[in-house]
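Order-wise, the sequence lines are chains A and B.
With the first letter of the first sequence counted as 1, position 282 gets the number 282 in my numbering; the numbers rise by one all the way through.
With the first letter of the second sequence counted as 1, position 174 gets the number 174 in my numbering; the numbers rise by one all the way through.
The set of hints was computed from the structure by calculation and includes no laboratory data.
One thing to keep in mind: the hints can contain errors.
The calculated label-pair distances, taken between Cβ atoms and stated as ranges, are [claimed, not checked]:
#1 Pro243/A <-> Leu39/B: 32 to 38 Å
#2 Val159/A <-> Leu42/B: 56 to 62 Å
#3 Arg238/A <-> Trp87/B: 29 to 35 Å
#4 Val179/B <-> Glu208/A: 47 to 53 Å
#5 Trp36/B <-> Ser122/A: 20 to 26 Å
#6 Arg112/A <-> Leu128/B: 51 to 57 Å
#7 Arg237/A <-> Trp195/B: 19 to 25 Å
#8 Gly64/A <-> Pro139/B: 20 to 26 Å
#9 Pro139/B <-> Phe236/A: 19 to 25 Å
#10 Trp87/B <-> Arg184/A: 28 to 34 Å
#11 Glu20/B <-> Arg238/A: 20 to 26 Å
#12 Glu281/A <-> Pro88/B: 50 to 56 Å
Computed from a prediction, not measured in an experiment: that's the story for all the values here.
For glycine and all other residues, C-beta sits at the position ideal for the given N, C-alpha and C.
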Amino acid sequence: MLELSRRRFLIGVGLSGLAVASPRLMAAGSSAGEQTFHSRPIPSTGESVPAIGMGTWITFNVGGDQYLIDERTRVLETFLERNGTVIDCSPMYGSAADVIGAGLDKLGAHDRIFAATKIWTSDGSETREQAATSERRWGIDRFDLLQVHNLLAWQEHLVTLKEMKAEGRVRYLGITTSHGRRHRELARIMETEPLDFVQLTYNVLDREAEERLLPLARERGIAVIVNRPFQGGSLFRRFQSEPLPSWAPEAGVGNWAEFFLKFIISHPAVTCAIPATTRVEHMQENMGAMYGQLPDTSQRRMMADYVRQL
Amino acid sequence: MSGATWLSYSLQDFVMFGPEVFLRLFARINQDLWPWLLLWPLAGLVLPWFGRQAAELPRRLAMALAGLAWIGCGYLFLVRYYGPVNWPATRFGWAFVVQGLFLLILKGRALPGPMAWPVAVSWWLAVLLLPWLSVLEMPDLWAIALFGLAPGVTVAATVLLFAGQPSPLRWLLLMLPLVWSLFSAATYWALGTFWLMGFPVATLVLLVVALRFNPSPAQNPGSQSVHRGPGRQSP
């Protein structure tokens with residue numbers, strides 16, 4: 001049975017309030033109009049999460065720099081204001097967990113997020129200890145999602161994560177990869193392990209996941225978090241100076257951030273994309289992708305063709 | 001992970017912070033230590049004057065100042081400021097502290113003779129010019145990379161001392177500067193902070209200068225003992 005914590009309750013109330021305020025907002029994946037708010041169900045429970053989350057790789061690793069901590073807190077505040085909840089981190093990301101914790105403290109927002117981090121240690125006996133350290137750094141009682149980072153010692157960590165889930169110490173478990181690496185091994189794990197989530201790289205140029213992993217995730221009822229949606233920023237560097245296609249408005253696309261993100265979240269297997277940014281205006285653009293019309297199958301094909309010919 | 005997987009990583013994949021975060025380290029440490037930070041470049045400027053003296057005591061002091069500079073940038077910049085955003089920096093920082101302590105223990109014994117003029121001039125140029133590289137990269141005077149706090153300037157200047165030592169001490173002392181230069185060059189390349197590449201490049205150039213103008217121990221028979229006078233005279 002799903003435990004209803006205060007945090008889950010508040011998130012639920014928030015989303016319900018949104019639905020009351022604007023019934024069209026909660027169409028959850030439909031394309032009813034420009035104000036459609038896109039959330040996605042986690043297959044293993046049916047709980048909905050917003051389709052755009054926030055990554056923290058590089059961007060939130062600012063050490064003890066108070067000026068930058070305040071700036072990142074404003075980015076986090078914008079993310080929350082635009083109804084984002086899924087925040088993803090890893091112990092590998094230097095001080096990012098502390099910066100998230102400081103931001104959540106300042107905003108009093110610990111109860112408004114879907115907290116996801118990773119287990120990143122080759123020592124398979126350190127799963128609980130590392131999770132506890134991350135909880136302290138974030139300032140939360142427990143994570144919603146713990147993922148084995150880049151398949152590192154995944155056999156040992158998954159055993160412990162399953163125990164922790166059974167004990168209620170974590171709500172979901174998952175495993176991650178990035179840059180398109182080790183997809184074959186990830187597929188084998190997805191086929192045999194009871195995963196709630198996988199995290200992988202998928203974007204308009206890196207589409208290898210479409211062949212095996214995304215169909216497998218649908219088949220196995222595994223939620224998919226997409227990292228590197230902008231290919232580490234290189235998609236902007238390559239295409240930002242180019243015009244959007246003339247048919248972009250018909251696909252619900254108003255800028256390049258929406259182009260890249262809507263391409264991803266319109267894939268039926270994708271639960272959530274987690275772009276990272278250091279700037280408030282970029283966060284606003286990213287979160288814009290969570291609203292309005294999404295491209296259909298033929299428009300997605302046109303999007304991929306368009307960037308390829310550029 | 002297989003070798004093929006490792007090969008799929010680029011240099012950028014190993015850098016887990018942005019250029020703004022790194023450049024602000026210089027500004028933050030300077031602002032936090034103001035005005036006491038001025039003691040470090042002052043020490044850097046007087047060091048060659050001590051190093052050029054024929055008497056043993058000033059030369060001992062020169063080596064001690066170099067040791068303190070290594071401890072300063074190792075503990076303050078690398079461990080305290082840089083380490084939280086880049087864990088290898090913490091390890092480098094403690095290695096810098098150990099090297100600094102080693103220099104303090106060596107004192108005058110490691111400075112076999114008065115510093116040659118070209119070496120002294122190179123030192124002053126390094127301490128006066130290299131700090132502006134970080135200002136060029138981040139247009140803010142606070143971002144100046146000072147000797148004794150910023151590892152790039154400290155390493156570049158002090159290789160001039162290390163290269164003048166007899167082997168194998170010379171290579172023992174040069175090991176960390178060379179590894180640091182390689183590490184920092186890779187970091188600056190990945191960050192795209194190309195002005196900062198001047199630090200490792202200057203380190204190599206100054207090393208060549210020092211090897212050219214510092215005599216080998218064979219030419220300098222008095223260099224092995226602290227009890228003898230300097231084995232060579234400055235030109």
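Inset, instruction - Look at the Cβ atoms of Trp36/B and Ser122/A and judge whether their distance stays inside 20 to 26 Å. - result: violated (42 Å)
Inset, instruction - Take the C-beta atom of Pro139/B and the C-beta atom of Phe236/A, compute their distance, and say whether it sits inside 19 to 25 Å. - result: Cβ of Pro139/B to Cβ of Phe236/A: about 24 Å, so the range 19 to 25 Å holds.
Inset, instruction - Can you let me know if the beta-carbon spacing of Val159/A and Leu42/B is within 56 to 62 Å? - result: holds (59 Å)
Legend entry - Verdict for Val179/B, Glu208/A (Cβ pair) under range 47 to 53 Å: violated (37 Å)
Legend entry - Pro243/A paired with Leu39/B, Cβ distance criterion 32 to 38 Å: Violated, at about 56 Å.
Inset, instruction - Determine whether the Cβ-Cβ distance between Arg238/A and Trp87/B falls within the hinted range of 29 to 35 Å. - result: holds (31 Å)
Legend entry - Supplied distance hint 20 to 26 Å, evaluated on CB atoms of Glu20/B and Arg238/A: Holds - the Cβ-Cβ distance for Glu20/B and Arg238/A, about 22 Å, lies within 20 to 26 Å.
Legend entry - Distance restraint evaluation - Gly64/A, Pro139/B, Cβ atoms, bounds 20 to 26 Å: With Cβ atoms ~23 Å apart, the hint holds.
Inset, instruction - Could you see if the CB distance from Arg237/A to Trp195/B stays within 19 to 25 Å? - result: holds (20 Å)
Legend entry - Outcome of range test on Cβ distance (Glu281/A, Pro88/B; 50 to 56 Å): violated (33 Å)
Legend entry - Consistency of beta-carbon spacing, Arg184/A to Trp87/B, with hint 28 to 34 Å: holds (30 Å)
Inset, instruction - Could you tell me whether the CB distance from Arg112/A to Leu128/B stays inside 51 to 57 Å? - result: holds (53 Å)
The structure fails to meet hints 1, 4, 5, 12 from the earlier list, while all remaining hints are met.
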